[in-house]
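A.B. asks: Protein chains in written order, with numbering that gives the first Met the number 0: chain A, 0 to 91; chain B, 0 to 91; chain C, 0 to 465; chain D, 0 to 465.
Honestly, the hints are just simulated from the structure, not real lab data. Don't take each hint at face value.
Said to hold, decoys possible - Here are some chain B residues pointing at chain A (derived, C-beta under 8 Å):
no.	residue
1	Ile-8
2	Ile-10
3	Ile-16
4	Glu-20
Don't be surprised by glycine CBs; every beta carbon is placed ideally from N, CA and C.
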Amino acid sequence: MVDPVTVGIIIFVLALISGFEVITKVPPLLHTPLMSGSNAISGITLVGSLVAAGAGEQRVAEILGTLAVVFASVNVFGGYLVTDRMLRMFRK
Amino acid sequence: MVDPVTVGIIIFVLALISGFEVITKVPPLLHTPLMSGSNAISGITLVGSLVAAGAGEQRVAEILGTLAVVFASVNVFGGYLVTDRMLRMFRK
Amino acid sequence: MRESLIDIAYLVSAVLFIFGLKLLSSPKTAVRGNLISAFGMLLAVVATLFVKDIVHFRNIAIGLIIGAVAGGAWAYLVKMTQMPQTVAIFNGFGGIASALVAISTLYGAFKIPEGVPLEWNRAAVGLSIIVGSVTFFGSFIAFAKLQEIIKGDPISLPLHKLWNLVLLISALVLTGFLVSSGNVNFAWIIFGVSAVLGVMLVIPIGGADMPVAISLLNAYSGLAAAISGFVLNNYGLIITGSLVGSSGFILTKIMADAMNRKFVDILIGNVTIQMTEEAFAGVQIKGRVKKTDPQEVAILLDSANTIAFVPGYGMAVSQAQFAVKELFNLLTKDGKEVYFAIHPVAGRMPGHMNVLLAEADIPYDKIKTLEESNSLISETDIAFVIGANDVVNPLARDSKDTPISGMPIIEVDRAKTVIVLKRSMRAGFSGVPNPLFYLDNSYMLFGDAKQSIQEVAKEFKEYRKL
Amino acid sequence: MRESLIDIAYLVSAVLFIFGLKLLSSPKTAVRGNLISAFGMLLAVVATLFVKDIVHFRNIAIGLIIGAVAGGAWAYLVKMTQMPQTVAIFNGFGGIASALVAISTLYGAFKIPEGVPLEWNRAAVGLSIIVGSVTFFGSFIAFAKLQEIIKGDPISLPLHKLWNLVLLISALVLTGFLVSSGNVNFAWIIFGVSAVLGVMLVIPIGGADMPVAISLLNAYSGLAAAISGFVLNNYGLIITGSLVGSSGFILTKIMADAMNRKFVDILIGNVTIQMTEEAFAGVQIKGRVKKTDPQEVAILLDSANTIAFVPGYGMAVSQAQFAVKELFNLLTKDGKEVYFAIHPVAGRMPGHMNVLLAEADIPYDKIKTLEESNSLISETDIAFVIGANDVVNPLARDSKDTPISGMPIIEVDRAKTVIVLKRSMRAGFSGVPNPLFYLDNSYMLFGDAKQSIQEVAKEFKEYRKL
Ligand SMILES: NC(=O)c1ccc[n+]([C@@H]2O[C@H](COP(=O)([O-])OP(=O)(O)OC[C@H]3O[C@@H](n4cnc5c(N)ncnc54)[C@H](OP(=O)(O)O)[C@@H]3O)[C@@H](O)[C@H]2O)c1
Ligand SMILES: NC(=O)c1ccc[n+]([C@@H]2O[C@H](COP(=O)([O-])OP(=O)(O)OC[C@H]3O[C@@H](n4cnc5c(N)ncnc54)[C@H](OP(=O)(O)O)[C@@H]3O)[C@@H](O)[C@H]2O)c1
Numbered sequence: 000m001v002d003p004v005t006v007g008i009i010i011f012v013l014a015l016i017s018g019f020e021v022i023t024k025v026p027p028l029l030h031t032p033l034m035s036g037s038n039a040i041s042g043i044t045l046v047g048s049l050v051a052a053g054a055g056e057q058r059v060a061e062i063l064g065t066l067a068v069v070f071a072s073v074n075v076f077g078g079y080l081v082t083d084r085m086l087r088m089f090r091k
Numbered sequence: 000m001v002d003p004v005t006v007g008i009i010i011f012v013l014a015l016i017s018g019f020e021v022i023t024k025v026p027p028l029l030h031t032p033l034m035s036g037s038n039a040i041s042g043i044t045l046v047g048s049l050v051a052a053g054a055g056e057q058r059v060a061e062i063l064g065t066l067a068v069v070f071a072s073v074n075v076f077g078g079y080l081v082t083d084r085m086l087r088m089f090r091k
Numbered sequence: 000m001r002e003s004l005i006d007i008a009y010l011v012s013a014v015l016f017i018f019g020l021k022l023l024s025s026p027k028t029a030v031r032g033n034l035i036s037a038f039g040m041l042l043a044v045v046a047t048l049f050v051k052d053i054v055h056f057r058n059i060a061i062g063l064i065i066g067a068v069a070g071g072a073w074a075y076l077v078k079m080t081q082m083p084q085t086v087a088i089f090n091g092f093g094g095i096a097s098a099l100v101a102i103s104t105l106y107g108a109f110k111i112p113e114g115v116p117l118e119w120n121r122a123a124v125g126l127s128i129i130v131g132s133v134t135f136f137g138s139f140i141a142f143a144k145l146q147e148i149i150k151g152d153p154i155s156l157p158l159h160k161l162w163n164l165v166l167l168i169s170a171l172v173l174t175g176f177l178v179s180s181g182n183v184n185f186a187w188i189i190f191g192v193s194a195v196l197g198v199m200l201v202i203p204i205g206g207a208d209m210p211v212a213i214s215l216l217n218a219y220s221g222l223a224a225a226i227s228g229f230v231l232n233n234y235g236l237i238i239t240g241s242l243v244g245s246s247g248f249i250l251t252k253i254m255a256d257a258m259n260r261k262f263v264d265i266l267i268g269n270v271t272i273q274m275t276e277e278a279f280a281g282v283q284i285k286g287r288v289k290k291t292d293p294q295e296v297a298i299l300l301d302s303a304n305t306i307a308f309v310p311g312y313g314m315a316v317s318q319a320q321f322a323v324k325e326l327f328n329l330l331t332k333d334g335k336e337v338y339f340a341i342h343p344v345a346g347r348m349p350g351h352m353n354v355l356l357a358e359a360d361i362p363y364d365k366i367k368t369l370e371e372s373n374s375l376i377s378e379t380d381i382a383f384v385i386g387a388n389d390v391v392n393p394l395a396r397d398s399k400d401t402p403i404s405g406m407p408i409i410e411v412d413r414a415k416t417v418i419v420l421k422r423s424m425r426a427g428f429s430g431v432p433n434p435l436f437y438l439d440n441s442y443m444l445f446g447d448a449k450q451s452i453q454e455v456a457k458e459f460k461e462y463r464k465l
Numbered sequence: 000m001r002e003s004l005i006d007i008a009y010l011v012s013a014v015l016f017i018f019g020l021k022l023l024s025s026p027k028t029a030v031r032g033n034l035i036s037a038f039g040m041l042l043a044v045v046a047t048l049f050v051k052d053i054v055h056f057r058n059i060a061i062g063l064i065i066g067a068v069a070g071g072a073w074a075y076l077v078k079m080t081q082m083p084q085t086v087a088i089f090n091g092f093g094g095i096a097s098a099l100v101a102i103s104t105l106y107g108a109f110k111i112p113e114g115v116p117l118e119w120n121r122a123a124v125g126l127s128i129i130v131g132s133v134t135f136f137g138s139f140i141a142f143a144k145l146q147e148i149i150k151g152d153p154i155s156l157p158l159h160k161l162w163n164l165v166l167l168i169s170a171l172v173l174t175g176f177l178v179s180s181g182n183v184n185f186a187w188i189i190f191g192v193s194a195v196l197g198v199m200l201v202i203p204i205g206g207a208d209m210p211v212a213i214s215l216l217n218a219y220s221g222l223a224a225a226i227s228g229f230v231l232n233n234y235g236l237i238i239t240g241s242l243v244g245s246s247g248f249i250l251t252k253i254m255a256d257a258m259n260r261k262f263v264d265i266l267i268g269n270v271t272i273q274m275t276e277e278a279f280a281g282v283q284i285k286g287r288v289k290k291t292d293p294q295e296v297a298i299l300l301d302s303a304n305t306i307a308f309v310p311g312y313g314m315a316v317s318q319a320q321f322a323v324k325e326l327f328n329l330l331t332k333d334g335k336e337v338y339f340a341i342h343p344v345a346g347r348m349p350g351h352m353n354v355l356l357a358e359a360d361i362p363y364d365k366i367k368t369l370e371e372s373n374s375l376i377s378e379t380d381i382a383f384v385i386g387a388n389d390v391v392n393p394l395a396r397d398s399k400d401t402p403i404s405g406m407p408i409i410e411v412d413r414a415k416t417v418i419v420l421k422r423s424m425r426a427g428f429s430g431v432p433n434p435l436f437y438l439d440n441s442y443m444l445f446g447d448a449k450q451s452i453q454e455v456a457k458e459f460k461e462y463r464k465l
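All chains should be built: construct the whole structure from the sequences, respecting the hints.
C.D. replies: Following this line, the structure appears as structure tokens:
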């Protein structure tokens, strides 16, 4: 009865709306850190990479997964650190 | 695999956030119409009442459903009309 | 497939509701916003009728017709000043509908959706009944008090809050029984207990405090709809109910902040302020009260150039807005600069004054906010306080010990002359005495606001004709 | 049960992300917001490791360590002025990770969730590969251009846009083949075609236009994550990906509006402005260019009371912010009133100037917005334009026919004296000539901004010591 695709679409739309409403409140002053902060969040794809890398299925899948983990974690670690560096300059 | 209860909770939280973000942008000037407008929307429970009234299951269920339809539709029709009346006064 | 279609239709409705609420943020688009939201509702209803397994359309048709006629007539006939109680009762109807739908599932109106544990479903049924029934009976009391069907004064039993707690816990325990037994009788008992709780929660609230209660009940009716969404596994109900829920809680929070009260206090039913003697220990009122009459006011007005109208709850009570509009016309025709100084919590609902002034066709650009007004006020010759009290009370600014301390006010005491229209020396909503009335530059014009204004207008016309 | 737990954990992460982004709206809470968001990420990762069926932790550990070290070192070592390319490349990495995960499902890394049609799953895989690959290769080109690994000038083939369209359609048709056959080779071909598309989309964009492209690619990387959420039926990915998607699109829209360009044009790759001869037919520039030197500027500064610094892209290029800070210190110590007039789209990223000034420790209260600056400017003795051009171009206000017409400007031409620091008479980002340079009250100080400022500071010190 619960169709996962429909549910996905519902969640997608609601998240788009929330994102839109939250972001439009950020003042231009902080748009550069916002860009880099939301870039860090886009590394969430790491979560999928972890499963692909560790699922222990086919060998190719594992290699692809591990590569994905490397890329995604550069995005996550680099993204958060660089945002932090930038923001600390504002705090004076 | 898709658990309807969890999905319900996810949707609930996202909708709360969207609601919060949208409403905090409405200026005090329009808070009274907002109250009555969102009251009209709360008549959405009409949708559930319709099914209960028309499902053709047990007799008691039907009676309860029909009562619910009456109540909910007073909420919906009355709510939207009264909000409209109020808002038209602002449009000059 | 059909189920997916209807879910998508509900999603579209919900997006229309959100979009409609967004358009409410400007007076120019608000009417359209409300229509869009209504269209969303129509879509949800039509989708339900077409797609769900509905066999008996007769019941539905009867229910819809009764509801549409009753709701439509009500909305059409009600006076604008009766808005709070109208919202309250409509709201209650939404709540009871949710409760009835929840009960009907126990009579087999719906199949429990696959994958939902029976216990969870029944727990949701119980909660939906509690919230729905509290909403309805609470709203009904609010309605009855505002409509003066029952006495507006706070009524409270000994140990009132303890009783409320006992009722709430009973309702939850009964929900536990319902979950384990599935016996429908428990549902009716829960309904009854919650009804008493709803009455008990609202009965100790004074008429003046009612809007806070109504706004909270509005949030509850949204919550009830969202919970019935869990009962029916209907995502449309969940989304829309929680939207309304947030909206209600935010408005309640705004009112709480404006009244300098804690949101949590209001949630647990501490709505009406308890005034203590000590609160006024530090208040010293000096000066002498000077009465004035319409004729004298007309003469004062004649020699004034800039005039501020500061309306409050009293204008709503006496429905003085049309009389005010007339006086406004007279004065502006005479070349005087007149503006309306609107405090954000003047009256009893957020935006209350704006609705009344819009009703009387006051031009939008003459309406000034708190900040704008305070920057104009020292250049203002006459500040005309029309049934306002707390929102112009200088103690809020000058003293630290009153319930309204810290609330920003419209500082009419800085105008050259203040004329206060009210019926007596009684305090306003907060119960705090007002030293404004005793200032050298302030004059009291006692009587019903509408009548006073009409007399002032008459005298002014006559005076000018001489 | 385990699946529900992890879904709830992802929901909590998403709420933390939203909350973190909300805290970004004030400089005071922004650092905390970023930490909260990072904590949300940690929660998502830990929940995944504990709850999902993961057997090979070694691969994961290796991947995480390499990523953490590389990302950490990169973030630590990069210069603040290299921020745009850093964001670009990190962003690209997120995109390619999504594409790789999507491909890995075709090698059996995930079971297709129950209830999801096989075709839908494969379609999502195809889309995820397209968006992810475009994001990565596009970002890589953006990075290479900004880092000056390849030439920054726009490079474009004959019929460039037609080729892009052909590539996009091919990728979609190939996705159709993938859906019907499930053959993994199609996935790799899609990956390749999309890579070419990514390169083609960004290669015609000039270095100066890159931030718009980066912001758009940021939106795409969010979209790629959301689509892989559909592939894996992972609601956490869907929620978070769409958050990032909205954020990217909104920022792109803001930049587009500020540059007076249509959002849709940018979406289809029309980023760089095509300047036409006719655009300048109406522009008549009168007056004479007056050169000045650091010594003369020092003397002018000495006799000024109020000084505005108006920075632009040139300050970023020459990294003059520290020199500016020094001059600022000298002048304020001397009792002069100095403020910074910041145009919302000065520089090449939203908030670009604010980041640089914050880096140089300029006190926050000296930074004025466009509106504030314009209300101060006519009382300003010297407006010091530091590598800005378009944002002070009076044509934007006075002419209707240029690409920047209608953009609000900082009206330095209304200051008593204007000193413009730049290297040549060349136009700025938009290519529009600037009549400001020819005005009677304006003087050009040619040279690299940092060097010029340092010399002015030196001369000023010397002059004051005499
Ligand atoms: N707006 C909101 O959202 C909201 C919600 C809840 C509570 N509140 C509270 O309500 C208060 C609003 O302040 P306010 O200044 O508007 O009202 P107020 O302080 O309650 O004062 C209203 C005054 O109007 C006078 N009045 C009543 N009927 C009248 C009539 N027929 N003719 C002339 N005068 C009449 C009363 O004096 P007499 O009895 O002497 O005539 C009373 O002192 C604040 O304390 C606020 O916190 C506001
Ligand atoms: N902020 C954003 O979000 C954003 C995003 C995309 C596009 N834009 C666009 O970027 C423009 C921003 O305006 P703007 O006034 O800041 O920049 P601009 O119009 O591009 O002008 C920058 C000026 O700085 C000078 N310059 C470059 N390097 C220099 C150096 N080392 N020392 C001294 N001067 C140097 C250049 O002149 P010389 O070559 O003669 O030295 C150039 O005229 C607007 O057109 C805006 O629409 C903004």
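A.B. asks: Just to be careful: measuring from the Cβ of Glu-20(B) to every Cβ in chain A, is the smallest value less than 8 Å?
C.D. replies: Result: holds, 3 Å to nearest chain A Cβ.
A.B. asks: Does Ile-8(B) meet its interface restraint, that is, does its C-beta lie within less than 8 Å of any C-beta in chain A?
C.D. replies: It is violated, given that the least Cβ distance between Ile-8(B) and chain A is near 11 Å, above 8 Å.
A.B. asks: Return the status of the interface hint for Ile-10(B): holds when the least beta-carbon distance to chain A is below 8 Å, violated otherwise.
C.D. replies: holds, 6 Å
A.B. asks: Is the interface hint for Ile-16(B) satisfied, with its Cβ closer than 8 Å to some Cβ of chain A?
C.D. replies: holds, 5 Å
When each numbered hint is compared with the structure, a violation occurs for hint 1 only.
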